[in-house]
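Protein chains: 2
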Amino acid sequence: MVSNGTNGEKPHGQKLDASKFTESVVASMGEKTPERLREVITSLTRHLHAFILETNLNTKEFMAGLELLNWAGRMSDEKRNEGLLLSDILGLERQASEMDDLVDSVTSHQLSMDNVTTTSSAILGPFWRSDTPLREFGSTMTFDTPPDAEVAYIHGVVTDAVTGEPLKNALVDVWQCSTNGLYEQQDPNQREFNLRGKFTTNDQGQYALYGIRPVPYPVPSDGPAGKLLQLLDRHPFRPAHIHYMTSKEGYATLVTQIFDRKTKYLDNDSVFATKSDLVVDFVPLKGNPNATLDLECNIALSPLQS
Amino acid sequence: MVSNGTNGEKPHGQKLDASKFTESVVASMGEKTPERLREVITSLTRHLHAFILETNLNTKEFMAGLELLNWAGRMSDEKRNEGLLLSDILGLERQASEMDDLVDSVTSHQLSMDNVTTTSSAILGPFWRSDTPLREFGSTMTFDTPPDAEVAYIHGVVTDAVTGEPLKNALVDVWQCSTNGLYEQQDPNQREFNLRGKFTTNDQGQYALYGIRPVPYPVPSDGPAGKLLQLLDRHPFRPAHIHYMTSKEGYATLVTQIFDRKTKYLDNDSVFATKSDLVVDFVPLKGNPNATLDLECNIALSPLQS
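So the protein sequences, as listed, match chains A and B.
Just so it is clear: in the first sequence, position 281 is 281 by full-length UniProt numbering, and no numbers are missing.
Just so it is clear: in the second sequence, position 212 is 212 by full-length UniProt numbering, and no numbers are missing.
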């Protein structure tokens with residue numbers, strides 16, 4: 001107890017009732033708080049307080065966790081999002097992306113009705129870039145192709161998931177790492193925008209490009225996410241995949257990844273992005289001097305609810 | 001659906017059962033995970049997944065929250081811990097500090113037994129420095145005293161909370177901001193270590209120093225914590241307080257703050273640190289040329305459980 005001459009306080013500190021304290025934090029939000037933000041912060045506050053109570057998390061442990069978060073922020077810039085990676089290894093982005101499917105599109109309604117073939121979403125991951133250039137139909141996005149790479153002709157049709165009609169002028173944004181497991185922004189030996197490109201669909205809803213067969217790679221291990229994986233006795237590898245972001249006015253933008261059926265780690269992706277219907281087959285391609293493999297990858301977008 | 005010639009997948013993406021997905025993340029921890037870490041990460045994962053499900057948090061909102069966290073990390077360095085401040089305005093450090101009281105000391109046992117007078121804890125906050133110098137008994141820690149400051153003689157006895165015996169050679173680390181609301185590391189016009197000092201208790205368990213009457217101040221508003229307070233329609237002010245960290249071998253280190261009874265914001269501290277038994281009274285002091293106020297502040301430490 002802190003005491004002084006004129007202080008007539010009780011002899012010991014009051015232990016606040018835990019839920020009462022939590023609710024006092026929630027109640028501190030003012031009248032002008034946007035309703036959605038109030039809803040989110042209320043739930044977050046209650047869950048984080050409950051987490052601390054449930055685990056008897058002490059200040060030393062709390063500070064260690066916080067230092068991990070600050071470290072992630074310090075490592076993050078335009079080219080790297082370590083906070084996102086840290087979230088990904090705990091499955092948070094995957095969980096949020098499921099919510100997109102439920103909230104932003106007709107998927108949830110259609111799924112229960114019939115055999116509508118909406119492409120599943122997968123997490124964005126930390127390596128997407130907003131400034132990737134638009135490339136020509138059927139052109140390549142592999143420029144510094146290493147000797148061990150297998151070039152693939154990657155193509156497909158973008159359709160309306162409800163009507164099945166092809167969608168022209170849809171934007172297909174594709175990115176992948178090289179065979180050393182590094183994206184171009186991580187690797188000084190790759191030119192800028194290597195293995196990434198934006199493509200538009202033609203009048204038949206088709207897109208086409210040249211890329212490479214993807215390889216498994218470890219997520220970066222020099223930051224807090226790598227440290228946490230190590231502490232949790234987990235491997236850092238991702239199964240071989242190619243990232244897609246497909247958009248078209250009037251449709252829910254689809255962020256996804258496709259996975260090579262022959263890759264390792266399909267059942268234990270370090271960032272929990274795999275879904276069984278996103279597994280694809282690279283097949284041998286003959287008579288094309290530019291590629292030895294063919295990959296057909298069709299994408300069905302959900303119309304937005306109006 | 002992603003489809004190609006040899007892919008015989010189901011016509012639509014499987015929506016994983018939410019709790020099944022959460023448990024698969026928990027199950028990904030390897031055998032070598034330390035048990036305490038497994039316990040903490042399991043609870044954290046479940047609560048964060050539940051938060052996302054409960055609020056239908058979508059990717060856009062998730063990314064906005066993540067950017068706030070990365071921003072906090074980027075702002076943090078040896079002199080500023082914005083991640084801690086962000087946690088503090090949600091009451092997280094307060095919640096964890098309650099756990100310290102329960103876990104690290106005999107408090108919980110003693111409290112239920114008798115009128116043991118253990119001093120309550122309060123949060124550390126982001127302005128403590130590890131390298132504060134040791135100062136002489138009865139010396140001053142206010143060097144750049146502004147004209148509007150009231151100098152106070154601050155003194156008290158550090159005792160064993162169970163026996164009531166005075167503790168000699170306890171370390172009393174004290175820090176406070178100046179009347180402009182800034183700690184020395186935030187203010188180029190204050191000399192280094194102004195208004196902070198470490199003091200040791202004498203053979204009678206006493207410590208003594210000169211400081212100033214504290215003032216309310218707003219937490220920094222130029223970062224994510226300030227932004228969030230604004231969005232939540234909350235004021236950024238803290239009630240006038242002085243920080244204490246008191247330690248002695250064999251006792252639980254006590255981190256606390258004392259609050260001026262006459263200050264504003266005693267009932268709505270922006271970081272939820274106040275406790276009623278930590279409220280103290282500054283009283284007029286006569287006959288001392290160095291100070292106009294007197295503050296007696298006694299501290300009772302809990303013996304560690306053996």
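It is worth saying that the hints were derived from the structure and are not from the lab.
Predicted model only: the values in this text are computed from it and were never measured.
Some clues are possibly wrong.
Pairs involving identical chains hold if they fit within one copy or between any two copies, as the list cannot separate such chains.
[As the list claims (entries may be wrong)] Here are the computed lysine to any residue pairs in the SDA-like style, where the Cα-Cα straight-line distance is at most 20 Å:
1. Lys227 <-> Arg74
2. Lys264 <-> Arg135
3. Lys264 <-> Val162
4. Lys79 <-> Gln190
5. Lys20 <-> Thr42
6. Lys168 <-> Gly181
7. Lys32 <-> Gln230
8. Lys79 <-> Phe193
We went through each hint and held it up to the structure:
Proximity of Lys227 and Arg74 under a CA criterion of 20 Å is satisfied in both settings, with 15 Å inside one chain copy and 19 Å between copies. With identical chains, the CA atoms of Lys264 and Arg135 are never at most 20 Å apart, being 31 Å at best within one copy and 62 Å at best between copies. Taking the closest pair of Cα atoms, Lys264 and Val162 never come within 20 Å of each other, the shortest separation being 34 Å inside a single copy and 61 Å across copies. For a Cα distance limit of 20 Å, the shortest separation of Lys79 from Gln190 inside one copy, 14 Å, qualifies, whereas the shortest one across copies, 38 Å, does not.
Only within a single protomer do Lys20 and Thr42 lie at most 20 Å apart by alpha-carbon distance; the minimum there is 13 Å, versus 25 Å between protomers. In this assembly of identical chains, Lys168 and Gly181 lie within 20 Å of each other by CA distance neither inside one copy nor across copies; the values are 33 Å within and 60 Å between. Proximity of Lys32 and Gln230 under a CA criterion of 20 Å is satisfied inter-copy only: 9 Å between copies versus 44 Å inside one chain copy. Proximity of Lys79 and Phe193 under a CA criterion of 20 Å is satisfied intra-copy only: 12 Å inside one chain copy versus 38 Å between copies.
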